[in-house]
Amino acid sequence: MARLKPWRWAVFGLAALYFLVPLAASVVFTVDVPGQGLTADAYTEILSTDGFGSSLLLSLELAAATIAVVLLLLVPATVALRLGAPRLRPVVEVVCSLPLVVPPIAFVAGISTVLKWGPDHLSHTPLFQTFVAIQNPDFPFVLVLAYVVMALPFVYRALDAGLRAVDVRTLVEAARSCGASWPQALVRAVLPNLRGALLNSAFLTLALVLGEFTVSHLLGFTPFAVWIVNVGGEQAQLSVAVSVLSLLLTWLLLLALASAGGRSRTTASRG
Amino acid sequence: MTATTTQTADRATAATVEFRSLRREFGATVALDGLDLAVRPGEFLALLGPSGCGKTTALRMLAGFEHPTSGEVLVDGEDVTRVPAHRRDAGMVFQSYSLFPHLSALDNVAFGLRMRKVRTAERRSRAAELLELVGLADKGERYPHELSGGQQQRVALARALALRPRVLLLDEPLSALDAKVRLTLREEIRRLQRELGITTLFVTHDQEEALSIADRVAVMRAGRLEQCAAPAELYGRPATAFVAEFVGTMSRIPGRLDGGTVEVLGQRLPVDGDVPAARDVDVLVRPEAVLVRADEDGTARVAATSFLGAAVRVMVRLGDGTEVKADVPAHEGAALGLGAGVRVSLPERAVLVAERRGE
Ligand SMILES: Nc1ncnc2c1ncn2[C@@H]1O[C@H](COP(=O)(O)OP(=O)(O)O)[C@@H](O)[C@H]1O
Ligand SMILES: [Mg+2]
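Protein chains in written order, with full-length UniProt numbering: chain A, 1 to 271; chain B, 1 to 359.
For reference, chain A alone in the conformation it holds in the complex (with noise of 0.2 Å):
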């Protein structure tokens, strides 16, 4: 093991600055105007650009909506998979997988053709309200939608590898025979030890929903990444001071989410 430790370390580095690299010249590239020396004028003319916070909100909501869907989907299926019907697993896995195959385009392809069907087919009926009521663009749903089904490989894996570690059958019979009906063995036995897998499955999903632009873009909504991309087209600098900025956002929500999960257990150990 000692001998591997200088690989380890050139592995590291070089990974360092694959990363570091673009990342500092980004950031030069910001601050260091030709003629005017260093300036932060492009970061503070983020904040007073049309549509920053805007569109940040709508991508955070987004993001909080994606993973409540997909959690509320997926760790129900997941626990059942594993206690009632093992075998489906093959199944729901390559389910679960499938998303990543499809290109996004063709996804979204398919989507608008299915939103066309609202006014060419379902005027009439009650549907068409539906229709009407996911495309609102305040909050478009049918993002959500789509992001649900674009997570779904992530935390259908990163639940697995949670299920994986705990034994789920035991963990539910124990809170059962003390008295615990199935809802609450699931909420109180199960998932506080599927803690890192829910952390992860979220942080993923808020990783996804942020940097997605594809879908919301060719469906005609403006969250964050699409905001970006927009503004970019005017001003090299500005678009160059964004990308940093929303990659320390990201980062520093990932932290919180860390941090928010991380004070969680020591409370829920209180009991």
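Everything labelled a hint here was simulated from the structure, so no lab data went into it. We put the beta carbon where it would ideally sit given N, CA and C, even for glycine. Among the hints, erroneous ones may be present.
Under 8 Å between C-beta atoms, here's a sample of chain B residues computed to sit facing chain A [stated by the list, open to error]: (1) 63; (2) 67; (3) 83; (4) 86; (5) 90; (6) 92; (7) 94; (8) 230; (9) 232; (10) 236.
Using C-beta positions, here's what the derived DEER-type ranges look like [claimed, not checked]: (11) A:196 with B:175: 27 to 33 Å; (12) A:183 with B:119: 37 to 43 Å; (13) B:51 with A:110: 51 to 57 Å; (14) A:169 with B:180: 25 to 31 Å; (15) A:88 with B:175: 28 to 34 Å; (16) A:196 with B:28: 35 to 41 Å; (17) A:133 with B:119: 43 to 49 Å.
Starting from the known structure of chain A, arrange chain B with the ligands on it as the hints suggest.
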């Protein structure tokens, strides 16, 4: 350590448990094939049998985790088949470590009380009381991964007792522990059960464990009950050849049936219990019932000896190649060297016979 007065249930109020022609199939496997068994109030009953004979399935039926294909489970005379697991009033200790990893020992014990919405102060004091009962009063703040296997099973026991269940179910709770801990913990389980007077079912595949701990032992085989009796009776008067060979050590000596008697080792002995149809039978004998005398003219030879303390177990090979185990007092055993000629005989008592095994 004393049982708290609030905890002690007297035997008059302890529950009875009854399985009635309980059957459970898993696809093609029949886990329980018409199990009939009645447990008396306050009794400590061991369910004993080889692996795969349906012990766990039977216990899980009572806990409500498994549902019978047919048959009934009665607690205090009431059919509980349709009662969901969390209302069964059965405390369970599992074979694998089953503590909630995210809760401290104290919170694990208090879990059931929390489900029953007992106030925080009350449930903490009660959980502390139970931890004291299992000798872990000072380990309440530890998490399961900070406890040894034996300590974890103690906590699991306290947790199972927390709701004052009507029956206590233990599914091989000691099998994951090392030998020494196993012995002390089994004594302790027995002591606790006596103090609390709670009707208890203890599953094990270890016959020594079952005999030493239980009021009665129910021997199971292939999903059915073979015999349910007190340890001494089970050992001394096994009802079937299976029980005889599963409980304690048994040797088989070929003999010939003749009416109600059997000819074996040149002796004619009365037959005890069921008489098989075949004439060629095996006589089943315990090592301590086999008499071995040194005799140079004997056709039998000592094949091996092992020292057991007070006695020496001698493996004797008879003239026809049959191997018989015999326990002889240590001072006599010293005279029986390897290869020494001996004469083997049986005491003049009724013997158990079984159909001869296919060679
Ligand atoms: N959930 C199950 N699915 C399929 N077969 C099972 C299941 N549970 C038990 N069995 C089968 O039922 C039989 C009895 O099992 P079990 O009650 O666990 O035996 P024991 O506890 O005596 O070792 C075994 O053959 C086992 O393979
Ligand atoms: Mg078992």
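Check your understanding: When the hints from earlier in the document are held up against this structure, which numbers fail?
Key -> Result: hints 2, 3, 8, 9, 10 and 12 break, sorted rising.
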